[in-house]
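Q: As a plain string of letters, each chain reads:
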Amino acid sequence: MKKLAYIIIILTGLCKYAHGQTNAGTNLFFVGYQVAIPSSNGDYLSATSWAGFNFDYRYTIKPNITVGIGTSFNSFSQYFPKQTYQKPDGSGAVTSDMVRHIYTAPITASIHYYLEGGMLKPYVGIGIGTEYSEQDAYFNIYQVYSKNWGFVVKPEVGVLGKFSRDMGGFISVAYNYATNSESDFNISHLSQIPITIGLFFTAR
Amino acid sequence: MKKPLFLMMAVAMGFASCLKAPNLDQLSGDFVVSTNRDQAANFSSYKTYYVSDTVANLGGSGSDTVFFDANAQQLVNAVKTNMNARGYTYMKNTFLNHPDLAIKIGVVKVTTTVFYPGWWYGYPGWWYPPYYGGWYPYYYPFSTYYQYSTGTVIVDTYDVKNAAASHKFDVVWNCTSFGAVGSSSSANFTRGVNGINQGYVQSPYFKTN
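Order-wise, the sequence lines are chains U and G.
According to our numbering, the first sequence is numbered sequentially starting from 38.
According to our numbering, the second sequence is numbered sequentially starting from 59.
By construction, these hints were calculated from the structure, which means they are not laboratory data.
Among the clues, some could well be false.
Computed spacing ranges between beta-carbons, pair by pair [as the list claims (entries may be wrong)]: (1) G/T112 / U/A88: 46 to 54 angstroms; (2) G/Q132 / U/Y179: 23 to 31 angstroms; (3) U/F238 / G/N252: 21 to 29 angstroms; (4) U/A88 / G/S103: 53 to 61 angstroms; (5) G/N267 / U/P125: 26 to 34 angstroms; (6) G/D96 / U/P118: 27 to 35 angstroms; (7) G/S102 / U/K124: 17 to 25 angstroms; (8) U/W186 / G/N252: 37 to 45 angstroms; (9) G/Q132 / U/K119: 19 to 27 angstroms.
On a predicted model such as this, the values are computed, not experimentally measured, just so you know.
The beta-carbon is built from N, C-alpha and C at its ideal position, and this holds for glycine as well.
Take the sequences, apply the hints, and build the full model.
A: Take a look at the structure:
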């Protein structure tokens with residue numbers, strides 16, 4: 038957390054070009070490193086994904102409003118020590134340790150609104166789209182595997198600051214709720230809190 | 059404007075194709091142990107059992123054989139120890155003493171050969187040919203193969219007590235332990251013994267009282 042604070046301070050220090058107005062017709066390209074915290078995946082897993090990426094394209098329709106498309110990738114993985122799983126009908130049980138894994142890739146259409154700011158421009162946005170997900174359980178040399186698509190909604194808040202005329206940095210926090218479900222793994226939906234830090238580039 | 063968007067898509071696809079594989083180093087390699095029970099069976103109604111001192115070697119290449127060496131005796135003894143601990147009495151001979159339960163142990167070892175024809179076409183995660191970016195996926199220019207072996211230990215428990223009345227031997231309890239095995243047969247049989255022990259641990263209902 039401390040590291041994150043330093044990064045924000047450094048970014049803030051670099052934001053000497055923040056006053057520049059973004060005009061309608063500008064294209065913005067966002068590339069970010071993403072950490073995602075699962076907020077509820079049933080009891081399937083609770084480990085944070087430290088290997089996520091985020092890509093966003095936004096088009097300025099008004100000086101303070103953009104529409105765009107975005108996607109991100111996250112891999113959640115957690116080891117579960119040996120335990121016994123009862124068959125639902127009580128006729129048997131299976132014992133093993135396992136590694137559970139979830140891969141998520143939401144693809145959303147989004148709209149963002151930018152507040153007036155000095156050095157930094159805070160923004161709020163919402164994305165709606167679809168999420169592709171894979172859920173796996175690995176045990177011994179075996180794998181149980183499921184993949185599915187769901188509907189996703191992703192409200193987001195963030196802040197961006199420009200380093201130069203056509204480049205800047207951003208940090209954002211979102212809530213990513215997807216309807217992907219898998220009854221065998223007792224997953225009714227997938228939700229996560231992605232925190233993204235990265236760079237953006239502008240082009241006319 | 060088109061160029062950065064295209065570049066971004068290429069980067070995105072690049073990341074998607076090298077989807078982070080989960081770290082499986084922590085997996086113990088112990089057998090997966092699955093048990094099944096006959097829910098109609100009353101386990102406390104049985105008092106005595108018989109277990110064959112040979113282990114059936116099923117599957118693999120050639121005819122089925124039996125094991126009766128020291129390794130096989132480890133499996134037999136594991137069953138005896140657990141059955142005695144649950145209050146059942148061992149009877150030496152099936153037919154003369156009419157035990158209530160008869161137990162048969164079987165093992166299966168299967169070696170699987172995986173063959174790559176030398177080109178990753180169709181291998182999941184790769185597109186061929188990649189029309190964007192102008193690079194080709196990494197591949198082995200020659201064919202290659204590897205082998206792995208899996209082992210299974212099966213403990214079937216038959217109801218002898220009610221066999222005359224029902225005209226069949228019902229399996230009242232089954233324990234199947236399975237997973238990858240190595241080249242050391244003593245280590246493999248140890249996996250089997252651990253599997254049998256775990257099978258009883260996860261079946262607390264299997265006792266005389």
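Q: Are the hints correct? Go through all of them and say.
A: Going down the list of hints, with the structure as the test:
1. G/T112 / U/A88: 46 to 54 angstroms: 52 angstroms, holds
2. G/Q132 / U/Y179: 23 to 31 angstroms: Since the Cβ atoms of G/Q132 and U/Y179 sit about 25 angstroms apart, the hinted range of 23 to 31 angstroms holds.
3. U/F238 / G/N252: 21 to 29 angstroms: Check failed, 57 angstroms falls outside 21 to 29 angstroms.
4. U/A88 / G/S103: 53 to 61 angstroms: For G/S103 against U/A88, whose Cβ atoms are near 56 angstroms apart, the range 53 to 61 angstroms holds.
5. G/N267 / U/P125: 26 to 34 angstroms: Holds - the Cβ-Cβ distance for G/N267 and U/P125, about 27 angstroms, lies within 26 to 34 angstroms.
6. G/D96 / U/P118: 27 to 35 angstroms: 30 angstroms, holds
7. G/S102 / U/K124: 17 to 25 angstroms: Given range 17 to 25 angstroms: holds, Cβ gap about 22 angstroms.
8. U/W186 / G/N252: 37 to 45 angstroms: Since the Cβ atoms of U/W186 and G/N252 sit about 41 angstroms apart, the hinted range of 37 to 45 angstroms holds.
9. G/Q132 / U/K119: 19 to 27 angstroms: 21 angstroms, holds
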